[in-house]
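4 protein chains.
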Amino acid sequence: LAETAVGVREMSKQLGRTRVRSHIQNVLIVTKARDNRLIKLTRQLALYLMLKPRKGGRGMVVYVDAQLRTSRRFDAAGIQAEHPELFAPFPQRRASNSSFSSSSSKADNDSISEGQLRYWTAEMCSKSPHLFDFVVTLGGDGTVLFTSWLFQRIVPPVLPFALGSLGFLTNFDFADHESVMDNAMDNGIRVNLRMRFTCTVYRTVGGECTRRAIKKGETGEIMMKNLDKGGWEALESGYPPHDGKVGAKDKEIKCFSTQPVESFEVINDLVVDRGPSPYVSQLELFGDEHHLTTVQGDGLCVATPTGSTAYSLSAGGSLVHPEIPAILLTPICPHTLSFRPMLLPDSMELRVCVPFNSRSTAWASFDGRGRVELKQGDHIKITASRYPFPTVCADSQSTDWFNSISRTLKWNERERQKSFV
Amino acid sequence: LAETAVGVREMSKQLGRTRVRSHIQNVLIVTKARDNRLIKLTRQLALYLMLKPRKGGRGMVVYVDAQLRTSRRFDAAGIQAEHPELFAPFPQRRASNSSFSSSSSKADNDSISEGQLRYWTAEMCSKSPHLFDFVVTLGGDGTVLFTSWLFQRIVPPVLPFALGSLGFLTNFDFADHESVMDNAMDNGIRVNLRMRFTCTVYRTVGGECTRRAIKKGETGEIMMKNLDKGGWEALESGYPPHDGKVGAKDKEIKCFSTQPVESFEVINDLVVDRGPSPYVSQLELFGDEHHLTTVQGDGLCVATPTGSTAYSLSAGGSLVHPEIPAILLTPICPHTLSFRPMLLPDSMELRVCVPFNSRSTAWASFDGRGRVELKQGDHIKITASRYPFPTVCADSQSTDWFNSISRTLKWNERERQKSFV
Amino acid sequence: LAETAVGVREMSKQLGRTRVRSHIQNVLIVTKARDNRLIKLTRQLALYLMLKPRKGGRGMVVYVDAQLRTSRRFDAAGIQAEHPELFAPFPQRRASNSSFSSSSSKADNDSISEGQLRYWTAEMCSKSPHLFDFVVTLGGDGTVLFTSWLFQRIVPPVLPFALGSLGFLTNFDFADHESVMDNAMDNGIRVNLRMRFTCTVYRTVGGECTRRAIKKGETGEIMMKNLDKGGWEALESGYPPHDGKVGAKDKEIKCFSTQPVESFEVINDLVVDRGPSPYVSQLELFGDEHHLTTVQGDGLCVATPTGSTAYSLSAGGSLVHPEIPAILLTPICPHTLSFRPMLLPDSMELRVCVPFNSRSTAWASFDGRGRVELKQGDHIKITASRYPFPTVCADSQSTDWFNSISRTLKWNERERQKSFV
Amino acid sequence: LAETAVGVREMSKQLGRTRVRSHIQNVLIVTKARDNRLIKLTRQLALYLMLKPRKGGRGMVVYVDAQLRTSRRFDAAGIQAEHPELFAPFPQRRASNSSFSSSSSKADNDSISEGQLRYWTAEMCSKSPHLFDFVVTLGGDGTVLFTSWLFQRIVPPVLPFALGSLGFLTNFDFADHESVMDNAMDNGIRVNLRMRFTCTVYRTVGGECTRRAIKKGETGEIMMKNLDKGGWEALESGYPPHDGKVGAKDKEIKCFSTQPVESFEVINDLVVDRGPSPYVSQLELFGDEHHLTTVQGDGLCVATPTGSTAYSLSAGGSLVHPEIPAILLTPICPHTLSFRPMLLPDSMELRVCVPFNSRSTAWASFDGRGRVELKQGDHIKITASRYPFPTVCADSQSTDWFNSISRTLKWNERERQKSFV
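Chains as they are written, first to last, in this note's numbering: chain A, 110 to 530; chain B, 110 to 530; chain C, 110 to 530; chain D, 110 to 530.
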């Protein structure tokens with residue numbers, strides 16, 4: 110048994126560092142399409158990738174933001190005038206990358222007659238991710254988060270270039286883009302599979318249900334029964350009884366049916382807070398259908414290890430290496446002195462509920478986006494996603510993360526005393 | 110690739126919860142042999158296990174502490190007088206439990222002619238762990254730590270009974286010992302494989318070596334070369350250069366050969382601190398041969414997830430569920446404001462070095478025992494152990510841990526406002 | 110010099126514990142006028158105070174909330190029917206309490222012909238605080254905060270009764286109200302002068318001003334000049350220069366005139382945060398006209414020692430005894446690892462500015478009330494108030510505070526290990 | 110009443126910033142007498158002070174460490190050879206500085222015939238502090254702490270010069286020593302009166318005493334009676350009773366007489382910890398004779414505001430401006446999750462006791478010095494000292510402290526994102 114455990118550990122380790130050598134042909138470039146400076150750099154990068162001949166004879170197929178189609182600064186017409194050969198129809202191979210491909214689609218067929226410069230839309234990213242072998246981002250960490258937002262299901266490997274200072278997620282310097290890209294094409298890449306969460310919002314429907322939940326008198330734990338296939342029962346808060354009053358009776362509590370209404374993939378965190386409400390939020394937290402605790406305070410941050418350097422850190426969470434399979438539970442300004450942050454196994458299914466007796470509603474945001482109001486009785490289910498986010502890592506990957514936290518957070522730095530001569 | 114990752118996650122999850130049904134025959138009881146109250150309970154438990162007939166016809170073989178052989182309170186003679194049948198030679202099966210067995214030894218042969226009541230010594234635990242199918246502990250968490258100390262290599266499954274309040278590791282109440290033991294025998298057990306660390310102490314030997322290490326001018330990183338097979342080079346501390354003085358030169362630094370002198374398995378933590386020294390300790394921390402950071406303060410705690418509720422918690426670390434494969438790095442009263450606790454993958458190999466230029470030595474303790482002085486140039490290597498510590502878990506295991514932290518730490522508890530009338 | 114310091118310390122100590130014996134005649138009762146349960150208790154307390162004869166011969170004059178004038182539950186008509194003597198004109202003494210009195214007003218004259226049961230309005234509290242010798246609150250800490258809100262200038266001594274659990278501010282149990290009130294009348298009271306802050310909101314007016322501020326090149330400090338009497342200049346944020354680039358030039362920066370628009374007295378805290386904005390707030394903090402630091406994060410809490418058990422505590426601040434003359438500066442989820450909470454002397458004048466280059470506006474709340482938006486260029490000035498909040502303390506006052514934090518926060522409590530047998 | 114409070118606040122504020130213009134004639138220089146580099150600088154400073162003529166006609170009288178009398182590097186003989194005029198008898202004025210002088214002593218008489226270069230000993234500092242009008246320190250913060258150690262009673266104003274980086278206490282750069290000294294002589298100085306603590310060690314004497322203490326059944330509080338004038342009763346620990354078991358009986362507990370044995374003045378902190386013991390320390394904390402709490406963990410730090418940037422900060426305490434009259438109570442790695450650091454009024458008298466039932470002894474250190482073992486029954490009393498430590502402040506004093514914490518601790522600093530052009 111123990112040997113198997115060692116084996117699994119070894120396997121996990123290897124998995125995070127696989128070098129993938131594949132035929133990369135279709136590259137998508139993500140950037141802020143409204144930033145003039147970035148448009149120029151996008152043009153420069155696109156030209157480099159399209160013009161430099163690769164194994165297949167021609168350069169690569171590059172997808173840029175559809176908003177650039179008519180951008181004067183991007184000047185697609187100018188590219189066509191200067192490099193007409195890029196616009197000759199490009200023979201598309203049938204399947205892009207074995208790990209990420211799926212069946213061919215209408216989009217594939219359309220692209221057969223296109224040239225090397227193409228335009229992507231958000232819909233293509235969400236519906237046909239297999240069109241792209243590779244994603245390059247230009248910008249800061251925000252651009253990488255936006256990429257995660259675009260690809261709500263399968264995500265191609267992402268190579269993030271930083272402009273200016275390197276960030277947590279942007280560990281390649283744009284100044285080196287030519288050598289970095291050439292190296293990736295020639296020698297393959299290593300990817301980190303960063304965990305994402307699938308966050309599903311459940312809302313109360315219909316009237317009071319006939320099903321019931323039991324609040325155990327002795328432990329205060331709430332036992333669910335008759336769990337619906339699709340829905341789930343939101344509950345009044347369950348308080349641990351005081352002073353070990355043994356013998357308290359079990360109690361049936363009313364509950365409502367809920368059903369899933371929308372779902373988000375996050376790479377950093379889900380934050381549930383009181384929003385503009387002046388009142389403290391009260392949230393009930395369940396893990397694998399058991400009541401874990403009641404959160405009273407400004408809210409709760411549920412973060413991935415990747416997100417451990419984001420909001421969770423501000424709220425007092427530990428720094429967690431992205432390779433660790435864990436869920437970070439970090440309270441935001443909690444009302445108790447003893448609500449120390451906690452890490453749970455990534456196999457656990459969490460639910461954050463706004464109880465029926467809450468004074469106010471709560472607000473959820475997903476990687477800082479998509480602020481959604483949760484009414485009394487609503488809840489969010491959080492599970493490790495089936496669609497991780499693969500980021501290309503530098504060869505010095507094992508210390509990359511340390512460098513990024515020292516650089517960006519000044520982690521454990523102190524002015525060294527200068528000595529006097 | 111992503112599917113494989115999901116598979117591995119699932120496998121890890123299952124692994125931690127395997128139900129083992131095996132023929133348990135030889136049970137070892139660990140307790141504080143000097144506590145009179147505990148001796149009485151040990152006697153009671155031993156009699157229960159030996160007398161109740163099991164599948165094989167007779168009861169079980171029970172090993173108690175060799176110190177009890179002559180204890181008046183344990184009164185072995187009284188047992189023999191009352192139950193002579195227990196002292197009839199007991200036919201020993203050849204291999205105890207397939208997962209934990211190894212080749213037969215002299216100890217095995219000796220035991221052939223013994224009865225059901227036998228005596229264990231520390232040496233038997235460390236050299237012949239396969240003699241025991243099962244370990245029962247009576248006492249608090251300290252007794253479980255002591256059991257880990259006894260079994261420095263393979264550990265049989267451990268079932269910890271608490272006397273009085275349940276602890277983090279002692280999740281079975283002695284009051285229920287009969288039903289708990291019967292259930293384990295009849296239905297098998299589930300075990301948690303708790304990670305341990307192997308901590309190896311390296312000490313400086315001989316004169317200055319001819320090998321060299323390079324301190325990179327630009328990054329301050331220390332690159333090792335000519336790493337010895339058995340030993341390792343301890344270093345002067347590597348400072349990140351100030352103010353981005355680019356172009357600083359690489360520098361050879363003197364280093365000494367070190368060699369391993371002793372090794373400890375810990376289930377909670379390794380703590381390196383300044384001991385009685387009034388001076389701040391300065392420690393250099395390396396991960397996979399790269400310099401990670403310099404620790405200035407009272408010291409450093411390197412803890413397993415199991416140890417996250419022990420010293421690491423006092424020093425400000427997060428609570429970490431025991432199933433998460435991670436190493437906790439928690440500074441003890443650090444001198445910088447920004448030394449937030451950190452979690453590293455359990456696949457990383459850590460080294461904690463006392464640099465040559467340190468003003469004082471440091472002291473290491475292993476699960477709070479075995480205080481060892483580390484001189485300038487010495488270091489300790491920490492790796493995930495090949496010998497995890499299997500603890501029997503209750504069926505409600507997933508919430509066991511939450512209950513223990515609420516109960517023992519009052520985690521996130523607050524006096525609820527009593528309302529009037 | 111040193112002896113003087115000792116003298117001042119002693120004097121401060123005495124001051125916080127003066128026993129005031131005064132002729133208390135006019136008592137104001139504050140409670141939540143919409144809570145039926147509280148209305149009944151208010152009636153009960155008012156009758157007790159009015160009926161029990163005091164030194165002057167008759168009972169006391171009691172002011173209740175004007176909303177109760179027509180309350181069926183309070184039933185003023187019923188009181189009049191049962192106790193007509195209470196409604197005989199009551200000879201009002203000329204000055205209530207020497208420390209808190211001021212010149213007589215129209216309200217005084219009106220009251221000459223009234224009986225013992227009178228009605229207060231918010232306007233009377235803010236404009237004629239000298240009408241009341243004493244305030245009694247019924248409810249929780251919130252009711253005491255509301256009383257502070259009512260009395261924006263001089264505050265009569267406040268005796269807070271708790272219903273149910275005692276709180277931080279409500280240290281008298283309503284169950285004892287008869288003996289507590291009698292004791293206060295007969296033996297006088299001791300009061301704690303709790304510090305309040307005066308928070309003044311300044312808003313940008315008019316166009317760009319002709320005055321200037323200087324940003325020092327070398328230190329990054331912003332030096333103000335031509336400070337207007339009434340207004341103050343809000344600033345672009347001042348960054349400490351990087352890497353000790355010595356010789357950076359001073360720079361004039363544009364600034365706008367601001368003028369005070371409203372002012373609040375707070376007893377707990379001023380909180381400036383990002384409100385519903387998804388963006389991090391950026392605030393510039395000045396102390397005595399010098400730039401102290403830039404706050405990036407969810408916001409900033411500026412708390413009195415009394416407020417150290419409220420929001421500041423949730424945000425990570427220390428517990429501060431109410432007698433200490435200090436201002437607590439506690440960041441809310443700051444973006445840096447090193448923003449440790451800080452205490453400043455109560456003699457310092459703080460300003461929290463929303464800089465012109467801030468991405469978003471900020472929101473201020475005063476003791477959790479009066480949410481006000483701060484636009485770019487606006488700021489809030491915080492100074493120790495000239496109007497402290499006198500609360501009656503129990504005789505065991507020195508340990509009162511410890512009891513309240515142990516009771517309410519479970520400060521430093523841990524489940525003691527129960528021993529077995 | 111309120112106006113008086115405002116007056117006291119104002120007075121305290123002024124007091125901390127008094128400008129003292131006095132006739133400074135006798136200067137003492139403190140430095141590490143074993144550091145060769147420092148000896149040279151001491152010589153340079155001494156010569157400057159002795160040679161430059163002041164109002165009185167000649168230069169100043171300078172006291173250097175008696176260890177330098179025979180130092181080759183200091184070369185007193187060389188000074189005499191070059192400047193024989195310095196060794197002419199110097200007419201000593203009768204009283205140095207009115208605030209710090211006392212009656213004349215034998216030392217005074219001795220000095221009449223001496224020249225301008227004199228030698229100080231530790232005994233002179235402790236017994237005749239009035240000999241010195243002014244102290245100059247050369248070195249780091251440690252040298253200032255050493256100065257506090259030398260002057261256990263009255264302390265002359267201290268002007269600390271830093272060599273290399275400025276520290277918390279060393280806010281003058283030695284490079285400017287000529288202008289700083291001239292300015293101090295010509296224009297007088299401003300001093301901060303930094304609070305010190307008087308820490309008195311009490312040890313158990315004799316057999317069991319006949320006096321008694323009462324442990325209140327209902328509250329767990331321990332009431333002292335028959336407090337000895339000189340001694341004090343150390344106690345068994347007092348536990349708050351569980352679960353509000355009302356009606357528990359009062360209990361007499363045995364106690365021993367203790368008597369004071371030694372006393373230390375500290376400017377930073379008193380630290381009581383477990384020293385080399387592997388066991389957790391258990392300390393009982395009393396404030397003004399009431400039991401406040403039980404400290405379980407590595408120990409307790411009791412710090413002045415000046416010490417808030419030293420060990421207290423490492424242990425998690427807040428930053429406290431040196432002008433605030435408060436005592437910082439910061440637990441060291443406490444065993445409870447809820448032991449938030451706390452600030453108490455400087456008028457409170459604290460006692461830290463090692464209870465009789467403690468498993469191990471504890472160790473106390475005073476500003477990091479004088480490690481003393483506390484046995485079961487011993488305790489330490491901490492009170493604000495009658496002998497504050499006056500340090501000279503720069504004119505920009507109000508922001509001095511902020512600069513020092515930003516500079517030395519990188520408080521609230523973050524790498525600003527460099528933007529890409």
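Hints in this document: simulated from the structure, not taken from any laboratory.
It is possible that some hints are incorrect.
Stated by the list, open to error - In silico DSS-like cross-links for lysine-lysine, where the CA-CA straight-line distance does not exceed 25 Å:
| id | chain 1 | residue 1 | chain 2 | residue 2 |
| --- | --- | --- | --- | --- |
| 1 | D | 519 | A | 519 |
| 2 | B | 149 | B | 161 |
| 3 | B | 519 | C | 519 |
| 4 | D | 161 | D | 149 |
Taking the hints in turn, this is what the structure says about them:
1. With a C-alpha separation of about 9 Å, the suggested pairing of residue 519(D) with residue 519(A) holds against the 25 Å cut-off.
2. Distance restraint check for residue 149(B) and residue 161(B): the Cα-Cα separation of roughly 19 Å lies within the 25 Å cut-off, and the hinted pair is therefore satisfied.
3. For the proposed pair residue 519(B) and residue 519(C), the alpha carbon gap of about 9 Å is at most 25 Å, so the pair holds.
4. Restraint check for residue 161(D) and residue 149(D): satisfied, since their Cα atoms lie roughly 18 Å apart, inside the 25 Å limit.
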